[in-house]
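Q: Given next are the chains, with one letter for each unit.
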Amino acid sequence: MKKKRKYDGWIIVSIIIFLLFVLFLIYPLLGILKASVIDLKGNFGFKQFVKFFSQAYYIKTIFNSFKVSLAITICTLLIGIPLSYFYTFYNLKGSKFLFVISILCNMSAPFIGAYSWILLLGRSGAITTFFRNKLGMEIGSIYGFDGILLVQSLKLFPLVFIYMNGAFRNIDNTLMEASSNLGCVGIKRFFRVVLKLSMPTILAASLIVFMRAFADFGTPVLIGEGYRTFPVEIYNQYVGDTSTDHNFAAAISVIAIVITALVFFIQKWATSKYDFSLNALHPIEKKQPKGLSGFLMYAYSYILVIVAFIPQLYVIYLSFRNCDQAVFKEGYSLVNYQLAVSKLLGRSIKNTFFLSFSSLAIIILLAILIAYLVVRRPNIINNSIDTMSMLPYIMPGSVIGIALVMAFDSKPLILTGTMMIMIVSFVIRRMPYVIRSATATLIQIPMSIEEASISLGTSKIKTFFKITVPMMTNGILSGAILSWVSLITELSSSIILYNNKTITLTMSAYVAISRGNYGLACAFSSILTLLTSIALLVYLLISKSEDLKM
Amino acid sequence: MSVNISVKHAFKKFGDNTIIPDLNLEIREGEFLTLLGPSGCGKTTFLRMIAGFTQIDGGDFYFGNNRINDLDPSKRNIGMVFQNYAIFPHLSVRKNVEFGLKNKKLSKDEIEQRTNKFLKLMQIEVLADRMPDKLSGGQQQRVALARALCIQPQVLLMDEPLSNLDAKLRVEMRKVIKNIHQSLGITTVYVTHDQEEAMAISDRIAVMDSGVIQQLGTPKDIYRRPYNLFVSSFIGRSNIIEGHIVIREGAAFVNIGEYEFSLANIQKSHMLEKKVIVCVRPDEFYIERNTGRGIPSIVDDCVFLGQNVHYFMHLEENGFEVEIVEQSALESEVLPGMRVFLGIDQERVNVFTADGSTNILRGVYNDVL
Numbered sequence: 001m002k003k004k005r006k007y008d009g010w011i012i013v014s015i016i017i018f019l020l021f022v023l024f025l026i027y028p029l030l031g032i033l034k035a036s037v038i039d040l041k042g043n044f045g046f047k048q049f050v051k052f053f054s055q056a057y058y059i060k061t062i063f064n065s066f067k068v069s070l071a072i073t074i075c076t077l078l079i080g081i082p083l084s085y086f087y088t089f090y091n092l093k094g095s096k097f098l099f100v101i102s103i104l105c106n107m108s109a110p111f112i113g114a115y116s117w118i119l120l121l122g123r124s125g126a127i128t129t130f131f132r133n134k135l136g137m138e139i140g141s142i143y144g145f146d147g148i149l150l151v152q153s154l155k156l157f158p159l160v161f162i163y164m165n166g167a168f169r170n171i172d173n174t175l176m177e178a179s180s181n182l183g184c185v186g187i188k189r190f191f192r193v194v195l196k197l198s199m200p201t202i203l204a205a206s207l208i209v210f211m212r213a214f215a216d217f218g219t220p221v222l223i224g225e226g227y228r229t230f231p232v233e234i235y236n237q238y239v240g241d242t243s244t245d246h247n248f249a250a251a252i253s254v255i256a257i258v259i260t261a262l263v264f265f266i267q268k269w270a271t272s273k274y275d276f277s278l279n280a281l282h283p284i285e286k287k288q289p290k291g292l293s294g295f296l297m298y299a300y301s302y303i304l305v306i307v308a309f310i311p312q313l314y315v316i317y318l319s320f321r322n323c324d325q326a327v328f329k330e331g332y333s334l335v336n337y338q339l340a341v342s343k344l345l346g347r348s349i350k351n352t353f354f355l356s357f358s359s360l361a362i363i364i365l366l367a368i369l370i371a372y373l374v375v376r377r378p379n380i381i382n383n384s385i386d387t388m389s390m391l392p393y394i395m396p397g398s399v400i401g402i403a404l405v406m407a408f409d410s411k412p413l414i415l416t417g418t419m420m421i422m423i424v425s426f427v428i429r430r431m432p433y434v435i436r437s438a439t440a441t442l443i444q445i446p447m448s449i450e451e452a453s454i455s456l457g458t459s460k461i462k463t464f465f466k467i468t469v470p471m472m473t474n475g476i477l478s479g480a481i482l483s484w485v486s487l488i489t490e491l492s493s494s495i496i497l498y499n500n501k502t503i504t505l506t507m508s509a510y511v512a513i514s515r516g517n518y519g520l521a522c523a524f525s526s527i528l529t530l531l532t533s534i535a536l537l538v539y540l541l542i543s544k545s546e547d548l549k550m
Numbered sequence: 551m552s553v554n555i556s557v558k559h560a561f562k563k564f565g566d567n568t569i570i571p572d573l574n575l576e577i578r579e580g581e582f583l584t585l586l587g588p589s590g591c592g593k594t595t596f597l598r599m600i601a602g603f604t605q606i607d608g609g610d611f612y613f614g615n616n617r618i619n620d621l622d623p624s625k626r627n628i629g630m631v632f633q634n635y636a637i638f639p640h641l642s643v644r645k646n647v648e649f650g651l652k653n654k655k656l657s658k659d660e661i662e663q664r665t666n667k668f669l670k671l672m673q674i675e676v677l678a679d680r681m682p683d684k685l686s687g688g689q690q691q692r693v694a695l696a697r698a699l700c701i702q703p704q705v706l707l708m709d710e711p712l713s714n715l716d717a718k719l720r721v722e723m724r725k726v727i728k729n730i731h732q733s734l735g736i737t738t739v740y741v742t743h744d745q746e747e748a749m750a751i752s753d754r755i756a757v758m759d760s761g762v763i764q765q766l767g768t769p770k771d772i773y774r775r776p777y778n779l780f781v782s783s784f785i786g787r788s789n790i791i792e793g794h795i796v797i798r799e800g801a802a803f804v805n806i807g808e809y810e811f812s813l814a815n816i817q818k819s820h821m822l823e824k825k826v827i828v829c830v831r832p833d834e835f836y837i838e839r840n841t842g843r844g845i846p847s848i849v850d851d852c853v854f855l856g857q858n859v860h861y862f863m864h865l866e867e868n869g870f871e872v873e874i875v876e877q878s879a880l881e882s883e884v885l886p887g888m889r890v891f892l893g894i895d896q897e898r899v900n901v902f903t904a905d906g907s908t909n910i911l912r913g914v915y916n917d918v919l
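Just so you know, the sequences run in chain order V and F.
One point on numbering: in our numbering, the residue at position 504 of the first sequence is 504, and numbering is uninterrupted.
To convert a position in the second sequence, counted from 1, into our numbering, add 550.
Calculated from the structure, these hints are not laboratory results.
Cβ coordinates follow ideal geometry from the N, Cα and C atoms, glycine included.
There's no promise every hint is true.
Unchecked claim - A short, non-exhaustive set of chain V residues, derived as facing chain F with CB atoms under 8 Å:
#1 S124
#2 A126
#3 A452
#4 G457
#5 T458
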């Protein structure tokens, strides 16, 4: 009797992916770990950690990051949940507008918000000067903790909004009716039923907001000033103007990973306490907002969304103003855009498209293959691929940047300064999200669909391409568009990896800001905003559902 | 195109669990055979072994003279219908149906012709260009059938194809499947746990439990003379009562307490005075209104169901609860709390050995032996 072949072509795919992961993920990670405990002379020791924990200055950076991220998380929940509640439980006019604009707020490049708020409320900002000159009043400082909190809350609350919309929509109307039937209505019902039922989603949203805030580089570097956070510190230690210490940067990275991992596991643990799933057979019937409470709902929703969107509008407006270095002057023209053309605009756009699309293609290919291996062919190799693919969840962007530079700037494999290393970092940054959505899609496809195809005479490999892949693509295509946006606005690892040849739009904008070319920065940022808006429009046309997975 | 299927000493285990210990089955050419049994009895596993989706751990499977154990599922030329229909959601109805044809070397015209033929046969031509998410469950099932049949398979396998439909549609689709089978004459293996469905649709039924075929026979054989107690209680409802065989003057009688009925059709080898199990279907009891000869029982409840009345009673002697069905009469004189006498239809009733393993009456057919 012929032994059934258990090992087919898929084992080769598994091994290739496994090796790629070891090379581009595990090896750089180990490199960071090694650099943090072994100094340049090759001596082993925890000197770097001792240095970190013995100086209040450094401990403060991590503590600051933690504190401000926690504050941002709470703030986004506080402003995002009511907006989502009004949005899903009431028939607000212009709700599509609210939805699109709030997503645009979230999709902007990481520093545009900070930069624009500085131009508005900073030391010589438009609003500050207006109050000082016309009214003789001083607005408090926007720099530091308050500034980061303001900018990041307004940028990240849409994540809470989107997540909670999904959760609220899954609440069955009969649960609401049962609750009022048992005498629990109004605000009491909101807290005791609606929020309790949404708890898993609230936790998921909290995690993603926290992780984003914790790893953010663009906002604190611009608006943080004396308020030091760890991504800025890592960057300074690695490429800073004053003193650089690669080993110390590695040590900080390790500490950051440990903290994000801890937060990750605490969130998982908290979520496990709410192990239930909702599926609304009778969706919530939207009510008409009436009277004073209706007015307040409208006021709250529109003011919040518009305030959050102001920075981007203001940047677009400024991009058409005449400008000389850091000073905007009277009159409008395209001078900023002309300057941009002379300052690598063409190359930036070309690079941005090349890098984002090639990364996205690789991500989608990997995601489909990995999802298939993990869901349909679980074994030791594939399960370890699954685990490895989730590592970037807990690795802040700047840590990935440093890890890649350290691993690939010496023989045998030198990639520093190449497009390749940018692509690798993009793939690592975004892959876990796409894999998650691909896996979730595949789990929902019953095995029998593939079996049906095989029984109709289609070989296994043909079935994979003709049935499995098309069915999965539908599920991950929409997510891929959002991934594309986050790729073109990627900053925290690019800033460590880019050079003049591999510069992207986001980097060009950032460089312009840091050199004080404000008009130029506005031009680059506006182009970026335009691209994200187009992507969002395409997304909304393709996917009918509003359940974005970001 | 149809073939007979012959399975010898099939063996299957998952981990340390033996699902099918040693299964032998001959499925005749063009026959509609149903695997019937409770969930977990191994019927679906066995079907998937025939289809090739579950690895065969031992034994030989033949389609006609071809051993198919090592044949890739895509080469077995099987039509398969799944419980969840497994319609490709990204393809239109027409594309779904012609999917299998595209793997065969057929001309474009031939593909279209055959697709149309089966769309028409299943009465879904008007739906040809719709996407599956716009179809009802019954329509999806028709698409699945058309898709499975149009490749002109040697064997049609169906895994609980009707269990996701509502009761009315199930009866309708049952007829559709039966008609299709009669007109195409394709060897069909059908899996279900619904005994009524199995009775309505099959040429023969294989009743399975714990991976073993308990009885293989026509629906009539299986219902009238179940081979053992398991088959008897799985097919229809049965009241199980203990009794004794008494031999008098060369004839056998069954005693239940004071009540006695004669057992003319007992197998010779079982003509011994011993304990037996008497298996009485609810309609094999009758309420004795005249003679007072019967098992004294107390009526607990009466349920009026239109055509029939169901009585729930307990036997006075030992409190055994029994269920009786009678045609409803205009005036029912039997009311809860009353004491009645129950007679047993001695021709239809089944009697098993005390361990329930064998029916001791004549006229039991079991093709598996």
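Q: State for each hint whether it applies.
A: Status of each hint after checking the structure:
About 57 Å separates the beta-carbon of S124 (chain V) from the nearest beta-carbon of chain F, more than 8 Å, and the hint is not met. Given the 8 Å rule on beta carbons, the hint for A126 (chain V) is violated: about 52 Å separates it from the nearest Cβ of chain F. Annotation: interface hint on A452 (chain V) holds; nearest CB of chain F at approximately 4 Å, less than 8 Å. Of the supplied interface hints, the one on G457 (chain V) holds, with its beta-carbon coming within about 4 Å of a beta-carbon of chain F, less than 8 Å.
Checking T458 (chain V) against chain F by beta carbon gives a least distance of about 5 Å; that is within 8 Å, so the hint holds.
Going through the hint list in order, the structure does not satisfy hints 1 and 2.
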